[in-house]
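These protein sequences, in sequence, are chains A and B. Going by the working numbering, the residue at position 396 of the first sequence is 396; the numbering climbs one at a time, nothing skipped. Going by the working numbering, the residue at position 57 of the second sequence is 57; the numbering climbs one at a time, nothing skipped.
Worth flagging that the hints you see were computed from the coordinates, not collected in a lab.
The following label-pair restraints were derived from C-beta to C-beta distances:
1. B:159 - A:68: 41 to 47 Å
2. B:326 - A:498: 36 to 42 Å
3. B:193 - A:42: 32 to 38 Å
4. B:192 - A:496: 40 to 46 Å
Calculated lysine to aspartate or glutamate pairs in the EDC-like style (CA-CA distance at most 20 Å, straight line):
5. A:35 - B:163
6. B:51 - B:174
7. A:206 - B:189
Covered stretches of chain B (in silico footprint by chain A; criterion: 3 or more residues with CB under 8 Å from a CB of chain A, positions within the stretch not fixed):
8. 156 to 164
9. 205 to 215
10. 266 to 273
Note that the structure is a prediction, hence the values are computed from the model and not measured. Where is the CB? At the ideal position from N, CA and C, for every residue including glycine.
The residues making up each chain are set out below.
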Amino acid sequence: MSQQILRKLRLTSQILFFALFIFLLLKSEFRGSFKAVQGDIRLPYPVSIFLEADPLAAVASALSSHALYRGLLWSLVILIPTFFLGRFFCGWVCPLGSLNHFFGSLKSEKKRGRQRLDSNRYRPWQKLKYYILAALLASALFGSLLVGLMDPIALTVRSLALGVLPGLNYAFNSVLDALYGTQVAPLRFAADAAHFLSKDILLSFKQPYFRQGVLLALVFAAILILNLRITRFWCRALCPLGALLGAASRWSILGLEKRRESCTDCNRCELDCQGGDDPVPGPPWRKAECHLCFNCVGECPEAGIRFRLFPPRSETVERPELQRRRLVAGIATGTALLPILRSTPGFAAARDPRLIRPPGALDEGSFLARCIRCGQCMRVCPNNALQPTWLEAGLEGMWSPVLVPRIGYCEPTCVLCSQVCPTGAIWEITQSEKLGQSKDGGDGNPIRIGTAFYDRGRCLPWAMARECIVCEEWCPTSPKAIYLLPAEAVDSSGQTRPVRQPYVDPEKCIGCGACEYACPVQDQPAIYVTSIGETRSKVNQFVLSRERPER
Amino acid sequence: MTKDVNLQNRREVVSRLLGLGALGAATAGLGIWLRERSRKPERVAAGSPHKSFTVPPDPSLPEVVVARAEDPGALVRKVIDPLGGIRRFISPGETVVVKPNIAWDRTPEQAANTNPQIVAEVVRLCREAGAAKVIVTDVSTNEARRVYQRSGIAEAARSAGAEVILPGERGFREVNLGGDILTTWPVFEPFLTPDRVINIPIAKHHSLTGATLGMKNWYGILGGQRHRLHQRIHETLADLAQFMRPTLTIIDAYRVLIRNGPVGGSLGDVELHKTIIAGTDPVALDAYAAKAFWDLDSDRLRYLRIAEQRHLGSTDLQKVRTKVIEDGQG
Chain A
1 MSQQILRKLR LTSQILFFAL FIFLLLKSEF RGSFKAVQGD IRLPYPVSIF LEADPLAAVA
61 SALSSHALYR GLLWSLVILI PTFFLGRFFC GWVCPLGSLN HFFGSLKSEK KRGRQRLDSN
121 RYRPWQKLKY YILAALLASA LFGSLLVGLM DPIALTVRSL ALGVLPGLNY AFNSVLDALY
181 GTQVAPLRFA ADAAHFLSKD ILLSFKQPYF RQGVLLALVF AAILILNLRI TRFWCRALCP
241 LGALLGAASR WSILGLEKRR ESCTDCNRCE LDCQGGDDPV PGPPWRKAEC HLCFNCVGEC
301 PEAGIRFRLF PPRSETVERP ELQRRRLVAG IATGTALLPI LRSTPGFAAA RDPRLIRPPG
361 ALDEGSFLAR CIRCGQCMRV CPNNALQPTW LEAGLEGMWS PVLVPRIGYC EPTCVLCSQV
421 CPTGAIWEIT QSEKLGQSKD GGDGNPIRIG TAFYDRGRCL PWAMARECIV CEEWCPTSPK
481 AIYLLPAEAV DSSGQTRPVR QPYVDPEKCI GCGACEYACP VQDQPAIYVT SIGETRSKVN
541 QFVLSRERPE R
Chain B
1 MTKDVNLQNR REVVSRLLGL GALGAATAGL GIWLRERSRK PERVAAGSPH KSFTVPPDPS
61 LPEVVVARAE DPGALVRKVI DPLGGIRRFI SPGETVVVKP NIAWDRTPEQ AANTNPQIVA
121 EVVRLCREAG AAKVIVTDVS TNEARRVYQR SGIAEAARSA GAEVILPGER GFREVNLGGD
181 ILTTWPVFEP FLTPDRVINI PIAKHHSLTG ATLGMKNWYG ILGGQRHRLH QRIHETLADL
241 AQFMRPTLTI IDAYRVLIRN GPVGGSLGDV ELHKTIIAGT DPVALDAYAA KAFWDLDSDR
301 LRYLRIAEQR HLGSTDLQKV RTKVIEDGQG
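So here's chain A without its partners, still in its complex pose (with noise of 0.2 Å):
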């Protein structure tokens, strides 16, 4: 058959997609290099490619910003040939997709035999996507992505970034301890080899660590395991992209032709069907519904089924076929919940002191309306201090990234996050506007991301009687915005000890919380940083003037 050959390039296509996600998601850990480099240090490969061409992606932050930002142009060459071919994208690109397909294809008890082929007809559920989408693509409009939280792309690299992989890296780690462990020579260094061969692409230079991480990689592991009982369930019932794409093909010319004459109604054609989309005789195909994987025209043993250009019109249904009330229904949802959302005092009003945003992030609303919660900021941290956030954001903002200075600091002269940011939720800056030195742009002054407090109950110098100063050494501006005054501290013995007692100057300080990282006091820092004083905010202020310090 002629085009039998369309699924074996189909399956290329996926498995080279699929090798380049997960390249590009193992490139996107900060690695560094011998290479001196005096400004900024970047990643040496395109690592947002693929959420850069996620279409849901431009679309949903185009209508919440009403801008494509920098590499979102990419999304167009996916979705112009969608509207030629159909959903090509979810059968030979999308990394979920192939996932999907790949533990679809495994044998499983609920899918053998009858069961199988109607597990694989179309269903009227499957519409459910499209009113996820409508809901999703309002919030959008009205400010809010919360498209994120379900965009194929993004929850992926968020998976597989922020829960599996360091699951991998941690358990890669304890069979190399384990190994080491023996004393056995050749075992050992059979542990050498390994981690010789895995030390720079496969295991991560430090342990990451994550919150909500096992939380994340349960989700993802339940979209996996429903294909065990439908295949690819995620993509036929939930998938927002997969709607925006079945969607964008309403015109498409590509479609398949069912000859009843050569047709022996055998069935084979839905045996493997990927979309549920009634590639059977009897029933109409439903065009928005199939993936283009090319299984069906690959099983016939008829030539009772093949695809072409411009298909007679009486067996496909062209369009989703949505039920207005239902679709009214997903866009009042996605309408109503912003302002639902947005009305709760952690928006706005009584916001989570400890909500530090990365350097470089726009104002709260714009970040809302920006992130789309893919993670990659965080997987690119060096000091792995971005994590994901609970509520800390509120509801709304579950999942974008927040400074956790106790895991880790904000280096000043670092600007990774914002180069790999997708949408521009962490718009992209230089290393000179983030230290805000204006001869390279900037204001003349540098992004804060907060302000430093002291626990002075907590702080040895304050109440212990003792010397320390470690936040002061470690305090990256010049001149330092902590800095220390000679007092005389008695200890229990009653006797006078003299002790240098570190105060911040709010003037200074940036919030980079490399002395909350710092501090000694291991459990709960001497001293911490809050969000008061970011650049970002107009609001979220308290001194009154904050001018650039004398040099």
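Chain B: place on chain A using the hints.
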């Protein structure tokens, strides 16, 4: 048991009971064995691989050499020659660890890390003297991957023929340093096993000790929560100096971070002195540099006094054999 048990069944019964008995005995044995093994978990017993990397003193040679020059590389050779030449310190086939300060995400101009050209020149000298392996490493303060790249040291040292080792999570060993304050602490393994160690700190301001020089550079061999050590910094520094007795110390004062140390960040904090202070007496070298750039007498640097009491060197700069080479000389 019923009457109709036949022979075959009886055999089955016996063998089943024997099998279960064996399983029970094995389980009990395993349980008792595991109970015998039960110990309260304790910290890993630390070894104490105390080792001096020094060379024998030579009364005909100076203990401290100070020189000035435009080129940092040439400057290295200018101070090493009067000290007896590199062959006095490095013999062919030896493994040498060079310990610059590679601590902060700063460029060479900002003078928070050792000058990469100086590091490279020291590596080259060691190679010329026939060292089998020259390792350049430091346990960074800021994120190591960024620091090694930004400081320019990784590139310079590697192209000069050194093996550059980034401190990751692996490779630390619990060691008893045998100090008053500093007892058991994780030490980065490359510092434990070499034949020779060359310390190349950069001279910087520090709020707690006035200046951070050669002895303070040994913080960079430690892992763990080393921030706690600041509470007793003077005793800790003396402990470290007692543990790490370097072959040679070369204080980089080409650019000196005169204030806002040890991180700096502004070129306004940097003074250009184009100087190196090198020698075999780590105490005298620190005392000299503190006096030269911050006008700090050794009374103000308590750790030097403690080190002197422990016979690690001398703070009496009048008595230390010092050779100062002015610009254009040598």
